[in-house]
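Asker: Take a look at the letters that make up each chain.
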Amino acid sequence: MSEAASEAAILTEELAKSYGDLEAVKGIDLEVRAGEAFGFLGPNGAGKTTTINVLCTLLRPTSGRAMVAGLDVDEHPDRVRASIGLVFQDPSLDEQLTARENLEFHAFIYDVPASERKRRIAEVLEMVELADRAGSLVKTFSGGMRRRLEIARGVLHTPHVLFLDEPTLGLDPQTRRHIWAYLEELRKREGITMFMTTHYMDEAEFCDRIAIIDGGRIQAEGTPEELKALVGGDIVTASTGDDAIAAEEIRRIFGLEPIVDGGTVRVEVLDGAAFIPQLVRETSVPVTAVSFHRPSLDDVFIKLTGRAMRDEEADTKDRMRVMSRAWRSHR
Amino acid sequence: MTSGEHAAASIAGVRRPRVFRASLRAVYIIWYRDVLRYWRDRARVITSLAQPLLFLVVFGTGLGSALRGGFGANTGTGLSYQQYIYPGILGMTVLFTAIFGAMSIVWDREFGFLKEVLVAPIDRSAVAVGKSLGGATQAMIQGLVILVFAPLVDVKLTVLSVLELVPVTFVLAFALSSLGVLVASHMKTMQGFQMVMNFLMMPLFFLSGALFPLTGLPSWMTVLTRVDPVSYGIDPLRRVVLGGAGVPNAVLDKLGLTLFGHTVPILVEVLVLLVFGVVFLLLAARGLRVRE
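Chains as they are written, first to last, in this note's numbering: chain A, 886 to 1216; chain B, 265 to 556.
No wet-lab data here; the hints were simulated from the structure.
Fair warning: there could be bad hints in the mix.
[Stated by the list, open to error] Derived DSSO-like pairs: lysine-lysine, alpha-carbon spacing no greater than 27 Å straight-line:
#1 A:Lys911 <-> A:Lys1113
#2 A:Lys1003 <-> A:Lys1024
#3 B:Lys518 <-> B:Lys420
#4 A:Lys1024 <-> B:Lys452
#5 B:Lys379 <-> A:Lys1003
#6 A:Lys1024 <-> B:Lys379
#7 B:Lys379 <-> A:Lys911
#8 A:Lys1188 <-> A:Lys911
#9 A:Lys1113 <-> A:Lys1073
#10 A:Lys1113 <-> A:Lys1188
#11 B:Lys452 <-> B:Lys518
#12 A:Lys1073 <-> A:Lys1003
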């Protein structure tokens, strides 16, 4: 085994997965170091879930190789399964059982020693602040509580790598912040490697490193700062009396490449604070509102792929997911 | 050892899972979950008595009256039609509960819980075995509950006949719930459920001898009744229930299952059921093991 493989928590080489004619993942190389929080970003249908399903041995790769915790996922699926934890995109709790019973079930099938089982269950329940609801049936839980319980379950058997597939999908912003706080705390306490997918760009800030995937290929990889540096400056967004004229003038006077999009003019500049007064002074059409922000990962994504992260199709699918969750919780 | 140390210690060498041991524990916990859920849903035990009761009281009385000369005289057994179908209705209850119970695996798939089991470091045959035993346990209990209707159809139960019923019912329940797991292992959604009902469960029921004796039938139907695993459960149930109530063996033989003109002993019938069950289970385990 190469040195890189023994140190990396996850390593893939030219990993590809097709469903019949459909190439979902088209040969990706990833390296996730032990103890790292690694974000896997991309729109729905980009190949995120397929990649996770291969890494967690639910699907077999079509070609290429994937190692998790130093083990080839295709050769040693059982040993890989024992060393990973999973928080799935769709709910996977038994609603007819209590929170504690769900965890006991998990402890049993993951062969957590009897001597540790009780203590460990108490510990993870405490961590996600569900200790007082341990005896309640999961069907009485809110979406956020279910997610927390799934996270607790995912780490119950002290895995090396925790996979989280869209852990906050369909949750309200406050609950999302809570979930991330738990994950942060978890990482500190358990020293666990985390591999997570999300299509909320702001959440990716939490990760040590990020890979952006689109169309089954890795488009960029690095720390959030490194990726943002790809954009190269501040993003100035202005509303003007006539966007087309404003854009033309910006192009002519400043030699920049503005984008007119949804009633605003966007332009990438080195120093936003210094640029705004010049913009207001030099353009012939009135500037009614103007702001600038440091580049976000959204901007990185737009730069790399030429479009925004969220598209209509993904939103519809997510709404259906959210609705089906709501329906289930009333079942 | 704190959890932090635990994680650090296990980074060095990946814990080798004890797959066999874990799988045995998995069988237990999967069985336990099904039984627990069944117990939580006790109200269902009562409501699901409605169908067998309808069969016994309404169907039994109605068809019994329509039989010219009466069932007892026609068959030369002296039994009422209701007494005849009573063990059959017990078997029907086992059949439906076992297959429904095992097919909860499809619900588990739809509601995501199956994933939790399929990514665990266990052999997937443990899932098949656990589910089969879980479904079988529910079906056996549900079947034995039918015994409360015995006075209704004037069948006397003895301690011995009830004790004999337990293993017979369980083996029938095991064979059928293994069949349910096998079907479920190839179903992705509950949409195919109606098909299973129409093309599997109803034929199994009608061909089993639950409602009419399997003698003197046209040959195509005789063949079908003999390949129906349920036939090998209904006959022993009838022998035990009615035999315990004092019906002579000669009468039971007259109504009983024959293969190539020979009466089949109870032990052989039970063995046939066991073989059916094990084969279904092996096929189900193979179906669950497949990864794309």
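Asker: Verify the proposed pairing of lysine 1113 of chain A with lysine 1188 of chain A, using a straight-line Cα cut of 27 Å.
Answerer: holds, 10 Å
Asker: Are lysine 452 of chain B and lysine 518 of chain B close enough, with their CA atoms no more than 27 Å apart?
Answerer: This hinted pair is violated, its Cα atoms lying about 44 Å apart.
Asker: For a C-alpha distance cap of 27 Å, please report whether lysine 1024 of chain A and lysine 379 of chain B respect it.
Answerer: Holds, at about 18 Å.
Asker: Are the Cα atoms of lysine 1024 of chain A and lysine 452 of chain B separated by 27 Å or less?
Answerer: holds, 23 Å
Asker: With a cut-off of 27 Å on the C-alpha distance, tell me whether lysine 379 of chain B and lysine 911 of chain A pass.
Answerer: Status holds; Cα separation ~25 Å.
Asker: Take the C-alpha atoms of lysine 1003 of chain A and lysine 1024 of chain A, compute the straight-line distance between them, and say whether it is at most 27 Å.
Answerer: holds, 23 Å
Asker: For a C-alpha distance cap of 27 Å, please report whether lysine 379 of chain B and lysine 1003 of chain A respect it.
Answerer: holds, 24 Å
Asker: Do the alpha carbons of lysine 911 of chain A and lysine 1113 of chain A lie within 27 Å of each other, as the hint requires?
Answerer: This hinted pair holds, its Cα atoms lying about 25 Å apart.
Asker: Given the hinted pair lysine 1073 of chain A and lysine 1003 of chain A, is their Cα-Cα distance within 27 Å?
Answerer: Holds: lysine 1073 of chain A and lysine 1003 of chain A sit about 22 Å apart, inside 27 Å.
Asker: Lysine 1113 of chain A and lysine 1073 of chain A: Cα distance at most 27 Å?
Answerer: holds, 26 Å
Asker: Checking one constraint from the list: CA of lysine 518 of chain B to CA of lysine 420 of chain B, max 27 Å. Satisfied?
Answerer: The hint holds at about 20 Å.
Asker: Assess, step by step, whether the Cα of lysine 1188 of chain A is no farther than 27 Å from the Cα of lysine 911 of chain A, and give holds or violated.
Answerer: holds, 21 Å
Of the hints listed earlier, the one the structure fails to meet is number 11.
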